[in-house]
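Going by our numbering, the letters in the sequence shown line up with residues 8 to 499, in that order.
None of these hints come from the bench; they were simulated from the model. One or more hints might be untrue.
[As the list claims (entries may be wrong)] Simulated DEER-style distance windows between Cβ atoms: (1) Asp-196 x Gly-478: 53 to 61 Å; (2) Thr-451 x His-482: 23 to 31 Å; (3) Pro-219 x Gly-26: 46 to 54 Å; (4) Thr-44 x Gln-304: 16 to 24 Å; (5) Ser-428 x Gly-34: 47 to 55 Å; (6) Gly-396 x Asp-33: 45 to 53 Å; (7) Ser-359 x Arg-47: 32 to 40 Å; (8) Asp-33 x Pro-187: 41 to 49 Å.
If you're wondering where the values come from, they're calculated on a predicted model, not measured in any experiment. For each residue, glycine too, the CB sits at the ideal point set by N, CA and C.
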Amino acid sequence: MLALHIVSFAALEVDFNAGWRFLRGDGTYQLPSSDDTDWRDIEAPHDWAIEDLPSREEDDVTPVLAVRHGIWRFYRGEGNDTFAAPGFDDAGWTDIQVPSDWRAAAGYEAANASGWYRRNFTVSAAAFAAARAGTLRLALGSVATADRTYINGAKVGSTGAWHKPGGCSSRLDYRSYAVPASALHVGPDNVAAIWVWSEGSGPAGLVDWAQPDRRIGPFDPGASPGHKQTGYTLGGVGWYRKTFRPDASWGERLQLFVEGCYMNCSVYLNGEHLLTHPYGYTSFAVDLTAGGLRLGQPNVLAIRAESRGSNSRWYAGAGLFRPVSLLAHPALHLAVPGGVYVTTPHIALTASDGLRADATVAINVTVANARGTTAAGAGARVELFDERGVSLGVGFASLPEVGGGGSASVLLSTWSPGQPSLYRAVATLSCGGGLRDGCPDTETATFGVRSFSFDSSAGFVLNGQSVKLHGGCVHHDNGPLGSKANGRAEER
Numbered sequence: 008m009l010a011l012h013i014v015s016f017a018a019l020e021v022d023f024n025a026g027w028r029f030l031r032g033d034g035t036y037q038l039p040s041s042d043d044t045d046w047r048d049i050e051a052p053h054d055w056a057i058e059d060l061p062s063r064e065e066d067d068v069t070p071v072l073a074v075r076h077g078i079w080r081f082y083r084g085e086g087n088d089t090f091a092a093p094g095f096d097d098a099g100w101t102d103i104q105v106p107s108d109w110r111a112a113a114g115y116e117a118a119n120a121s122g123w124y125r126r127n128f129t130v131s132a133a134a135f136a137a138a139r140a141g142t143l144r145l146a147l148g149s150v151a152t153a154d155r156t157y158i159n160g161a162k163v164g165s166t167g168a169w170h171k172p173g174g175c176s177s178r179l180d181y182r183s184y185a186v187p188a189s190a191l192h193v194g195p196d197n198v199a200a201i202w203v204w205s206e207g208s209g210p211a212g213l214v215d216w217a218q219p220d221r222r223i224g225p226f227d228p229g230a231s232p233g234h235k236q237t238g239y240t241l242g243g244v245g246w247y248r249k250t251f252r253p254d255a256s257w258g259e260r261l262q263l264f265v266e267g268c269y270m271n272c273s274v275y276l277n278g279e280h281l282l283t284h285p286y287g288y289t290s291f292a293v294d295l296t297a298g299g300l301r302l303g304q305p306n307v308l309a310i311r312a313e314s315r316g317s318n319s320r321w322y323a324g325a326g327l328f329r330p331v332s333l334l335a336h337p338a339l340h341l342a343v344p345g346g347v348y349v350t351t352p353h354i355a356l357t358a359s360d361g362l363r364a365d366a367t368v369a370i371n372v373t374v375a376n377a378r379g380t381t382a383a384g385a386g387a388r389v390e391l392f393d394e395r396g397v398s399l400g401v402g403f404a405s406l407p408e409v410g411g412g413g414s415a416s417v418l419l420s421t422w423s424p425g426q427p428s429l430y431r432a433v434a435t436l437s438c439g440g441g442l443r444d445g446c447p448d449t450e451t452a453t454f455g456v457r458s459f460s461f462d463s464s465a466g467f468v469l470n471g472q473s474v475k476l477h478g479g480c481v482h483h484d485n486g487p488l489g490s491k492a493n494g495r496a497e498e499r
């Protein structure tokens, strides 16, 4: 087996991390004429999901129906779902301050009891638009114990077992429900109604039993579709824009290489859609030349990222969380990514301590030709180096053979945590006229040689030696720093 890491890609790699403009929110921003003067300047890597949110009152991008805090009308008893109707007469009900324990606030001390809450609230145009887009949530908060929640008579959610014991865990659940546009109208006369059943004789009703209903920094339990699974962060949609002028001397082919964009990222060049990359944890390259790149002139690159937040059971982050670069090639070049791919199809350990092995190293070279014509006289040279820089062998192939790969049997040191021996395979492509002439392109792959197995008696065996694993569940984020790549934090 092998450990493979691509170190360098092309004849020219341009750092493309600086000079981006960013907007949290969605719209038609791929056009060169789109106005981004009010956007923020950022540098990749970037994770907007860990950045402080505006207050709920100021946030038109992710509005929340924050109805919990304030004076509600309150009814002691079971009732029925007609109590949720907008036109229901609650004049005989009492006022109660929320959040509170209804036993103290309303003197309602019955055990295993039901109660109703009603209040009017205002829906803004931004909140209604979010409901139409399917992203609006009602921030209810913690309830002791079970609830059925209605908006303008329509049931929008419920949590907990009704009239059944064993609801202790429900007290810990923060309640946040998606609200459809069909249940709302813009204006002040919308009605929220909450039917609550409280188990036992402990605190009851809309009481702050667990997390309080509030927005702090990047965290908002009421607006987060992923809830505690994603750390109560929001994600959403974000746009990046950058204007750049590529130098005509860089090469015949320019690619945008994105090491990581979370998630479902769409790339536009001068208003034209070039690619949508699903998921978010894999790198991708975009051919800008084929997409109408104008050398020596201003070009507008736009990237839309969508991270809705209900996508994982960990904090995923949002945006260009890893570096971005421009790769400049000749028209005939090593493919990106994966132009050089190394495998070790055969490994035979030659020492009892597993430190040496007789290994067959197979190096596959993939070439891309963007000229539209056959590249006559092109070829590839592949050289293998050890960690001291000593050459272990050289191979040649003419273009029809490139990609088929070549192999050589050599004695190598194995890779292990105690002895992480690494080797380099350097592939150089000539576009014609000999390996030293034309327009060469070079790529280096660093790899290690190892064999491993698992079985019920020996457990994990690396290079013939039993290894005891000590580890943990470590995700790619760095706590309060978010998911963006940070070399010093990852080293620490």
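Status of each hint after checking the structure:
no. : hint                          : result
1   : Asp-196 x Gly-478: 53 to 61 Å : holds, 57 Å
2   : Thr-451 x His-482: 23 to 31 Å : holds, 29 Å
3   : Pro-219 x Gly-26: 46 to 54 Å  : violated, 40 Å
4   : Thr-44 x Gln-304: 16 to 24 Å  : holds, 21 Å
5   : Ser-428 x Gly-34: 47 to 55 Å  : holds, 52 Å
6   : Gly-396 x Asp-33: 45 to 53 Å  : holds, 51 Å
7   : Ser-359 x Arg-47: 32 to 40 Å  : violated, 60 Å
8   : Asp-33 x Pro-187: 41 to 49 Å  : violated, 19 Å
The structure shown violates the earlier hints numbered 3, 7 and 8.
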